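Asks: Listed below are the residues making up each chain.
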Amino acid sequence: MTDAAVNQALNADPVLAATPENRVWKKFKRHKSAMVGGFLVAFFVIIALAAPILPIPDPSATDWGAVRKAPSWAHWMGTDEIGRDVMSRMIWGAQASLLAGVMSVGIALMLGVPLGIVAGYFGGWTDAVISRCTEALLAAPFLILAIALAAFLGPSLTNAMIAIGISATPIFIRLTRGQVINVKSEDYVDSALAIGLPTPKILSRYILPNVLPPILVQATLTIATAIIAEASLSFLGLGQQPPAPSWGSMLNTAKNFLNQAPWMAMWPGISIFLVVLGFNLLGDGLRDALDPREH
Amino acid sequence: MQLGDENSADSGTLLALSDLVLRFKGHKNDVLDGVSLTVKRGEVVCVVGESGCGKSVTAMALMDLLPAGSATISSGNLDACGLNLDLTSTCLPSEMRGNRIAMIFQEPMSSLNPSFTIGDQIGEAVLRHKGGTRTQALDRAQEMLQRVGIANPEQRLSEYPHQLSGGMRQRVMIAMALANDPEILIADEPTTALDVTIQAQILDLIRDLRDETGMGTIMITHDLGVVAEIADTVAVMYGGQVVEQGAVGEIFNNPQHPYTIGLMSAMPRLDNPVGRLAIVPGTVPTIANMPQGCRFRTRCVFATQACAERPKLSQIAPEHDVACHYAPLEVNVSVAI
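Sequence order for the protein chains is Z and A.
Under the working numbering, the first sequence has 311 at position 48, and the numbering climbs by one with no breaks.
Under the working numbering, the second sequence has 374 at position 43, and the numbering climbs by one with no breaks.
Read the hints as simulated data drawn from the structure, not as lab findings.
Keep in mind that this is a model prediction, so the values were computed, not measured.
Careful, some of the hints might be misleading.
Using 25 Å as the maximum straight-line C-alpha spacing, the simulated SDA-like pairs for lysine to any residue come out as follows [unchecked claim]:
id : chain 1 : residue 1 : chain 2 : residue 2
1  : A       : K356      : Z       : K464
2  : Z       : K289      : A       : D554
3  : Z       : K464      : A       : L488
4  : A       : K356      : A       : D563
5  : Z       : K464      : A       : G463
6  : Z       : K464      : A       : R630
7  : A       : K356      : Z       : D390
8  : Z       : K464      : A       : K461
9  : Z       : K464      : A       : P622
10 : A       : K371      : A       : E490
11 : Z       : K289      : A       : P622
12 : Z       : K292      : A       : P445
13 : Z       : K290      : A       : Y491
14 : A       : K356      : Z       : K518
15 : Z       : K290      : A       : L495
16 : A       : K356      : Z       : K290
17 : A       : K356      : Z       : I410
18 : Z       : K464      : A       : G624
19 : Z       : K464      : A       : T464
20 : A       : K371      : A       : I647
21 : A       : K359      : A       : G624
22 : Z       : K518      : Z       : I410
23 : Z       : K464      : A       : V611
24 : A       : K461      : Z       : L499
25 : Z       : K290      : A       : S446
26 : Z       : K290      : A       : E490
27 : Z       : K292      : A       : Q494
28 : A       : K359      : A       : D563
29 : Z       : K292      : A       : Y491
Derived contacts from chain Z toward chain A, CB cut-off under 8 Å, selection only [to be verified]:
id : residue
30 : D321
31 : P322
32 : S335
33 : W336
34 : W339
35 : D450
36 : S454
37 : L456
38 : I458
39 : P472
40 : P477
Every residue, glycine too, gets a C-beta built ideally from N, C-alpha and C.
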């Protein structure tokens, strides 16, 4: 060993050097399937964001000379029943799907986390009321609840997001409540009380940051579920309204032409599959990376 | 509310807790049965007793840290910080906590918020009570770290709790507790989780800070070595009652309560090696099975019929109170150090 190597070995303290951020990132980088998930998600996010500047035809432009054409140099993924370019619709549809996934989980987080914190921290009657309502909502299957709410609110992408968001809220209430009950008995919450901090400060600075990691993992996994839910609602005509593109409504139309034009169903199907796979792999990777027990 | 100094006999008294009776929800017996404590300026009062005797509950009740609704206080008066509080109806205002009365905990490893830096956490205590800007608070935090003997305080400010050792974390806890120059420090077994050399350093630190600022300290411990090291006065607790209290020399040289005698003779010593250490037979009865009268009588070798009546804590010598019908003892059972 050279002097430099010895020196480095003596001075490198793996415990002191690793801040939690870079420890998590290191574990995440080693997790191969998580990186695959990350790339899949990143790919769809990039094409969704870049849709306006990509050299693709208008997703709503019809071409009566090219109806239900198989993939070719002019239309890489073929055309649909009124001659619209499938690739363009798929790329623009990624916007609707990802937006629905992220926004509805955002709504679920905004409603679920505060309610979960209040229920877990204060306990007693507050907890009883919030928990019973949560259980009532959980009794209805996720998708059925989303369909019912979307039908009630009226068909549009925004309403679909709200419906999915509300349907996903009880999962977050329950998860947050459980975490808070764990964290609030930690000594550092007592020591925060002992320095006289008021309750809102304890909730925002001592409880919230320490219950966040599992919620983050759940949120990533729920985005995948929400994307499927949005596709299902659009498939049923309760989500994105025509002629705006969406993977769900593309599948809905394509089911009538499965024999004549299978590419119409294939591309949105593959897209949904890949995006959902991506978010699931990413969530699993995050869960492993944030788990303090694994090295 | 009135100024405490006006009606307390001795103006050097910083905290006087009297006759605290506390019961946990769902229990039929009182967990604390008439606990009284007095802390004078610059004095270290050690509260000793075995696990479950109510030492920590007393401290938590003082600071109003017991989970809301878990306990009812049926009697108790607290004279501290210029306030005279009837604990049955009011509790210590949160403006006093961490400001004029501070507390440090047993487990330094888990008593710091893992999500924030050391500087942020000490600074938060300063901002809460003294106000000012974040920069001022961080300056104060750095000054406190220096004062509790942490090397490189400037660098430590931006580190997270997991980057520090146990001894350092306990120093940080002390820095956080003392950041607002409290008059009273309550230390709940501050050295139990630390190894012996660090223990000695922390005790030295508390003593130095006491000398510097004249703060009164309530130290809760079950380590008689720590008591001998640091205490001015000692309160021995058993089953939620103070059974004996007095100057540290009195308690060690002339223990009068059978429980104190048992505790003292159960302590290993270098100068008097014996075959086996004495034990106090039995265990503390559960709250539900606490005997009426003297709570120690089920384990006491001297117990008689008279002990069915509760003995009062009465003075048997200057600075020495005992709650036992048979005190002062006729024979000297000195177990002197």
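Asks: Checking one constraint from the list: CA of K290/Z to CA of Y491/A, max 25 Å. Satisfied?
Replies: Judged against 25 Å, a Cα distance of about 20 Å means the pair holds.
Asks: Measure nothing beyond the straight line between the CA atoms of K359/A and G624/A; if it is 25 Å or shorter, mark the hint as holding.
Replies: holds, 15 Å
Asks: Close enough to count: is the Cβ of W339/Z nearer than 8 Å to one in chain A?
Replies: violated, 48 Å
Asks: Taken at face value, is the distance from the CA of I410/Z to the CA of K356/A at most 25 Å?
Replies: violated, 46 Å
Asks: Has the given pair, K461/A with L499/Z, been kept, meaning a C-alpha gap of at most 25 Å?
Replies: This hinted pair is violated, its Cα atoms lying about 60 Å apart.
Asks: Given the hint that K464/Z pairs with P622/A, does the C-alpha gap stay at or below 25 Å?
Replies: violated, 44 Å
Asks: Just to be careful, I want the Cα atoms of K464/Z and K461/A compared with a cutoff of 25 Å; is the pair within it?
Replies: holds, 16 Å
Asks: Sort out whether K464/Z lies within 25 Å of K356/A, counting only the CA atoms.
Replies: Violated, because 28 Å separates the two Cα atoms, which is more than 25 Å.
Asks: Would the pair K464/Z and G624/A pass a check requiring their Cα atoms to be no farther apart than 25 Å?
Replies: Judged against 25 Å, a Cα distance of about 46 Å means the pair is violated.
Asks: Using the nearest Cβ pair, does S335/Z come within less than 8 Å of chain A?
Replies: violated, 56 Å
Asks: Between K290/Z and L495/A, is the straight-line Cα distance small enough, at 25 Å or below?
Replies: holds, 22 Å
Asks: Classify the hint on P322/Z as holds or violated, based on whether any CB of chain A lies nearer than 8 Å to its CB.
Replies: violated, 44 Å
Consistency note: the structure conflicts with the earlier hints numbered 1, 2, 4, 6, 9, 10, 11, 14, 16, 17, 18, 23, 24, 28, 30, 31, 32, 33, 34 and 40.
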